[in-house]
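Note that the protein sequences, when read in sequence, are chains A and B. Numbered per the UniProt record's numbering, the first sequence spans residues 1 to 145. Numbered per the UniProt record's numbering, the second sequence spans residues 1 to 180.
Don't take every hint at face value.
When the alpha-carbon atoms are kept at most 30 Å apart in a straight line, the in silico DSS-like pairs for lysine-lysine are as follows [claimed, not checked]:
1) Lys166(B) x Lys82(A)
2) Lys90(B) x Lys166(B)
3) Lys96(A) x Lys90(B)
4) Lys76(A) x Lys39(B)
5) Lys82(A) x Lys96(A)
6) Lys82(A) x Lys58(B)
7) Lys177(B) x Lys90(B)
FYI, nobody ran anything at the bench for these hints, they're computed from the structure. Given the structure is predicted, the values throughout are model-derived calculations rather than measurements.
Residues per chain, in single letters:
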Amino acid sequence: MRRALVWLILCLLPVLAFAQAIQPLPFRDRAEEVRFQKLSAELRCPMCQNETLADSNAPIAHDLRRQVFEMIQAGKSDDEIKTYLVDRYSQFVLYKPPVEPSTWLLWFGPAVLLAAGALVVAIQVRRRARQAPVSTPANDTEDDW
Amino acid sequence: MSRLLPLFAFLLLVGLFGFGIWWNTQHDQHEIVSPLIDKPAPAFSLPVLGEPTRTVDKASLLGKPYFLNVFASWCIECVHEHPMLMTDVKQLGLPIVGFNYKDDPQAATAWLAEHGNPFDVIVADRDGRTGIDFGVYAAPETFLVDAKGVIRYKRIGPITPEVLDKEIRPALAALAKEAP
Numbered sequence: 001m002r003r004a005l006v007w008l009i010l011c012l013l014p015v016l017a018f019a020q021a022i023q024p025l026p027f028r029d030r031a032e033e034v035r036f037q038k039l040s041a042e043l044r045c046p047m048c049q050n051e052t053l054a055d056s057n058a059p060i061a062h063d064l065r066r067q068v069f070e071m072i073q074a075g076k077s078d079d080e081i082k083t084y085l086v087d088r089y090s091q092f093v094l095y096k097p098p099v100e101p102s103t104w105l106l107w108f109g110p111a112v113l114l115a116a117g118a119l120v121v122a123i124q125v126r127r128r129a130r131q132a133p134v135s136t137p138a139n140d141t142e143d144d145w
Numbered sequence: 001m002s003r004l005l006p007l008f009a010f011l012l013l014v015g016l017f018g019f020g021i022w023w024n025t026q027h028d029q030h031e032i033v034s035p036l037i038d039k040p041a042p043a044f045s046l047p048v049l050g051e052p053t054r055t056v057d058k059a060s061l062l063g064k065p066y067f068l069n070v071f072a073s074w075c076i077e078c079v080h081e082h083p084m085l086m087t088d089v090k091q092l093g094l095p096i097v098g099f100n101y102k103d104d105p106q107a108a109t110a111w112l113a114e115h116g117n118p119f120d121v122i123v124a125d126r127d128g129r130t131g132i133d134f135g136v137y138a139a140p141e142t143f144l145v146d147a148k149g150v151i152r153y154k155r156i157g158p159i160t161p162e163v164l165d166k167e168i169r170p171a172l173a174a175l176a177k178e179a180p
């Protein structure tokens, strides 16, 4: 019995560690907390750079979470909060950058590459289809890649 | 010709990766280019370190360009940067405003007693709120603010002799050219 209890406590320890890492903020209600979590997960910590504001333990992430929380409490919209942070830390803080001329390559580059690849494949397939009846199979497989 | 195509594709990739490596040696991945450059510095009003009743605000610093150096006693890189502030940066002749970022006043005073004080005045931002307005995310950081209160240059990380010669001196030369 005692052994089982010890195991149970050991199993619960990680939960305690997790609870400690979160900055306790006095949310008014569950909806506000969900909104805060969602928003801070979309924002990037300027210091550690590959962590969201929600995950990071850097001092600046702590301060920015506090700032976001206070702005939510003050009735600011998500867009207003994002604009506030972009004005100070540039678009770097957005995990999802806006679609605008300077980010077109980022947004559409992969699709353009995919289309270019598809075009190359299509051309190759057509060319081979045209060649197939005239050339013998043995020659074809050795010469082409 | 079509036999050579894979080779070209390979060379293209080599070129791309080579460019990536070169780019990373030229650029600091941790540096976020501040959107505040060439914009008015945010308005602030902060107490002077060690004299909590006296405050310094943006308006009181107008009229003359100055450096704003973000430092803290907990900041390791600041120790490495400090000798540069004490000598080379000081010799540039501009006032250096110390921005004591998220620091304990006593620890900051002790740190300055140990390493020397190159600052003309030091403002204390204990909770880091003014730091957010300036887009500060670590220390050390250094701003160059012109006589009209516009941020002209920002260094993220310590000022090294190289940074001084390649970035700060040209920025100052540009300022001097504008002045009547």
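Quick rundown of the hints versus the structure:
| no. | hint | in the structure |
| --- | --- | --- |
| 1 | Lys166(B) x Lys82(A) | violated (34 Å) |
| 2 | Lys90(B) x Lys166(B) | holds (17 Å) |
| 3 | Lys96(A) x Lys90(B) | violated (42 Å) |
| 4 | Lys76(A) x Lys39(B) | holds (24 Å) |
| 5 | Lys82(A) x Lys96(A) | holds (11 Å) |
| 6 | Lys82(A) x Lys58(B) | holds (25 Å) |
| 7 | Lys177(B) x Lys90(B) | holds (21 Å) |
Hint compliance for this structure: hints 1, 3 are not met, and every other hint is.
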